[in-house]
Structure formats: C-alpha cells, structure tokens
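Please take these sequences and the hints and turn them into a complete structure.
Quick note on full-length UniProt numbering: the sequence shown kicks off at 1 and runs consecutively.
Since the hints were derived computationally from the structure, they do not count as laboratory data.
Incorrect hints may appear among the rest.
[Stated by the list, open to error] Derived Cβ-Cβ restraints for the label pairs, each shown as a range: (1) G65 with H222: 35 to 45 Å; (2) P311 with G100: 20 to 30 Å; (3) Q271 with P160: 16 to 26 Å; (4) S233 with A90: 30 to 40 Å; (5) P247 with V175: 51 to 61 Å; (6) E239 with L182: 41 to 51 Å; (7) P160 with E225: 31 to 41 Å; (8) N272 with V175: 36 to 46 Å; (9) G101 with G65: 16 to 26 Å; (10) P37 with E225: 37 to 47 Å; (11) G101 with Q178: 53 to 63 Å; (12) N275 with E318: 42 to 52 Å; (13) R105 with R238: 44 to 54 Å.
Note that CB positions come from ideal geometry on N, CA and C, so glycine has one too.
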Amino acid sequence: MALPGSGLIRIGRSAAGVPRLPDPDCPGLAEQIAALPTPMLVIDGDGIVRDVNNAGEAMLNLGRGAIVGRDIAGMIGHPLTSMASDAPFAAYDLEIVLPGGRHQRVDLMIGPMADRAGWRVVTLHGLPPAHLLGRRGDRDGGALSAVGAAAVLAHEIKNPLSGIRGAAQLLEASVDDQARDLTRLICDEVDRVAALIDRMEGFTDTRRLELGPQNIHLLLGHAREVALQGFASGFTIREIYDPSLPPVLGHRDSLIQILINLIKNAVEAMQNNGNIVTLHTAYRHGVSVRLRGGDVKRSLPIEVCVIDEGPGAPVEIEDHLFEPFVTGKPTGSGLGLALVAKLVADQGGIIEYAREGTPPRTVFRLLLPRAGQA
Numbered sequence: 001m002a003l004p005g006s007g008l009i010r011i012g013r014s015a016a017g018v019p020r021l022p023d024p025d026c027p028g029l030a031e032q033i034a035a036l037p038t039p040m041l042v043i044d045g046d047g048i049v050r051d052v053n054n055a056g057e058a059m060l061n062l063g064r065g066a067i068v069g070r071d072i073a074g075m076i077g078h079p080l081t082s083m084a085s086d087a088p089f090a091a092y093d094l095e096i097v098l099p100g101g102r103h104q105r106v107d108l109m110i111g112p113m114a115d116r117a118g119w120r121v122v123t124l125h126g127l128p129p130a131h132l133l134g135r136r137g138d139r140d141g142g143a144l145s146a147v148g149a150a151a152v153l154a155h156e157i158k159n160p161l162s163g164i165r166g167a168a169q170l171l172e173a174s175v176d177d178q179a180r181d182l183t184r185l186i187c188d189e190v191d192r193v194a195a196l197i198d199r200m201e202g203f204t205d206t207r208r209l210e211l212g213p214q215n216i217h218l219l220l221g222h223a224r225e226v227a228l229q230g231f232a233s234g235f236t237i238r239e240i241y242d243p244s245l246p247p248v249l250g251h252r253d254s255l256i257q258i259l260i261n262l263i264k265n266a267v268e269a270m271q272n273n274g275n276i277v278t279l280h281t282a283y284r285h286g287v288s289v290r291l292r293g294g295d296v297k298r299s300l301p302i303e304v305c306v307i308d309e310g311p312g313a314p315v316e317i318e319d320h321l322f323e324p325f326v327t328g329k330p331t332g333s334g335l336g337l338a339l340v341a342k343l344v345a346d347q348g349g350i351i352e353y354a355r356e357g358t359p360p361r362t363v364f365r366l367l368l369p370r371a372g373q374a
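Laid out in structure tokens, this is it:
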C-alpha cells in the first residue's frame, strides 16, 4: 500500500508497537525495503525516529539501535517537527548536519502516514558536493584538460629559463652590489616559474599507479615528521587514530605527497588563526563510488581527515577549491589542492572539503579503498 505523496510502501507495526519495515500485510518485501538505496526514516508526531532502513544507517554512520528513539532534529540538524504533518513536503538542496558534525546537502522528502496521525516517512537523497563532480579520473575535459594542454609546453619553456638563469649568474660575478641584487631577483623569479611548471607537469602524468597495501598510520607519521621538521615548525600536529584500521589500497609516494600537501595547506591557512593541526582516521561503513565504464561499485571505508583551526576558504570559491589556479591565499598558486585531487582520483578515492564542529574548523576528508578489494 503506497503512502500518499511518498511513493513508499506503507510501514506496518511490530509486536512491540514500534514500526518495522515492511507492512506485515505485504510479505516478502522486508529485504527489498531494507536494501533501498535511498536513506529512509520514520518519525512520530513528536519528531522521534521510530525506524530506519539500511541506507539511512549508512548515511548517519550509526546502527539502528543508536538511531531509533532519538529526536530527528538531533540526528540531521533540522527541526522537521515544525513542518506540516498533514501533507507531503519537499525541500531541495537543503544542508543538514549529521552525527559527528558532518555537513551534507540533500533533497529531503516527507510523506505522511495515512494510518497514524502525525507520523511521517522522511527520505534523504544525498547530493555530492560540487567540487566532487568529475573527480573520478575524467581527464578528458574541464579545467584539468586546460592544464594538461598548457603543460605540453613545459619542456620547451624550461629550456630558455635555464639559459636566462645561467646568464644572470654570469652577470652576477661582474657587476656591482646594486646590480647584483637585480641578478639575484632574476634567478629567484626563474626558479619560481620553473617550480610552478614542475607542479603543472604532475597533472599530465597518466601512467597507472602501482597500488598495494599501505599502513596509513605509518604514512601519516612520516608526513607529520616531515612537516614538523620544516614548514610546520612551531605548530602542534595531533594524532587521533583508529588503531584497528585495515591496510589502505594506495601508492605510497603519492599518499605521502597528498598528506604533506594537506598539512602544508592547513598550516598556511592558520597564520594568526590557531596553531593545531589534527590528523584523524576512522572506518566508515556504506561509502562507495561507481567505477567508470560500468556498474561496479568500489567501497571507500578508510577515512583520513586533516583538520585545522583556520577561517576556511572564502564562500565564493568553496565549490572550486580543487580546480587549478583557484586559491584564497594572496601568494598561492592554486595548484596544491588540484594536484591532491588528481592523485586521490588516481587511487580510486575522493576528497571532500567541509566546515564542521563548534567552533567551526576546516576539514579535508579523504575516503580511500581498503586493501584486498577486487
């Protein structure tokens, strides 16, 4: 029996009085309802969650026992009890706050239950952040293709740069001190342009990475030591790890570069706005992506977060942070995070940016596959 305006099967009552999926009058549908890919919760007239399907557990990252009986406002950070209960309701591109302070944009649908006054079925259709679209290795279009085309000229540009630097060095030995400052300026600027080109060349490397089992905590420890001995000197880098994490499937050198870049980005973002970077790992159930060219899904249960106390990215560039030449830093090149996104995609993972917690902190979240997956 369909719910008016909801398109869902009517939810029945269990012997204990708590609704269970599905209606006992519709035998054989329990597995189908539980396996629906859309997160679905049932709330009563007071906004208390009475049931949840498997997809809902995955989105909330909690088991049914930790969800049922709690206020929906506390579960998704939105007071649904204030919405009309006698008619279907929809809200599009709504930002909710999931347990743990995770922000998620969703299309939210509410349908009333015909046989229980005030009870409603809530469905949440998750929307990917704009900066995740096209981040699964599609290098044939968009901004990354523009960078790739420009990088074709990198080798030819670096040749004359070497000649300019060499000529400046020869002049430095035969000019006075005032002119020597100018020759050093030439050398410094040549070195800066050459470094920029080196980073651009990283976008054009299409060779398949040799992936293997990696201990993510060892790689985090290595990146942390590199940072503390250099650009993060004077900062505190905290480690909050899940020691039970299985090995991640990845490329060692690329993962280290990703982590160092993210820590460096966090340190630069916190100038005069804090001095603590937090490295956090966890195992998340239910997160997966569809591989290109087929219907196969890859699970991404390994979560690695780099968290800082800085002010975050300007709102106008939040959805473009991982695009080349986009930066909120006065002296930034806009290539660091773009290269990180490229390397993460090469390993089958995704990266997210968010502002979470109270007070808000900046979170860059990596979601990576575990070793042993086909």
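Each hint tested on the structure:
| no. | hint | verdict |
| --- | --- | --- |
| 1 | G65 with H222: 35 to 45 Å | 39 Å, holds |
| 2 | P311 with G100: 20 to 30 Å | 22 Å, holds |
| 3 | Q271 with P160: 16 to 26 Å | 35 Å, violated |
| 4 | S233 with A90: 30 to 40 Å | 52 Å, violated |
| 5 | P247 with V175: 51 to 61 Å | 58 Å, holds |
| 6 | E239 with L182: 41 to 51 Å | 47 Å, holds |
| 7 | P160 with E225: 31 to 41 Å | 38 Å, holds |
| 8 | N272 with V175: 36 to 46 Å | 39 Å, holds |
| 9 | G101 with G65: 16 to 26 Å | 21 Å, holds |
| 10 | P37 with E225: 37 to 47 Å | 42 Å, holds |
| 11 | G101 with Q178: 53 to 63 Å | 57 Å, holds |
| 12 | N275 with E318: 42 to 52 Å | 24 Å, violated |
| 13 | R105 with R238: 44 to 54 Å | 29 Å, violated |
This entry does not satisfy hints 3, 4, 12, 13, going by the numbered hints stated previously.
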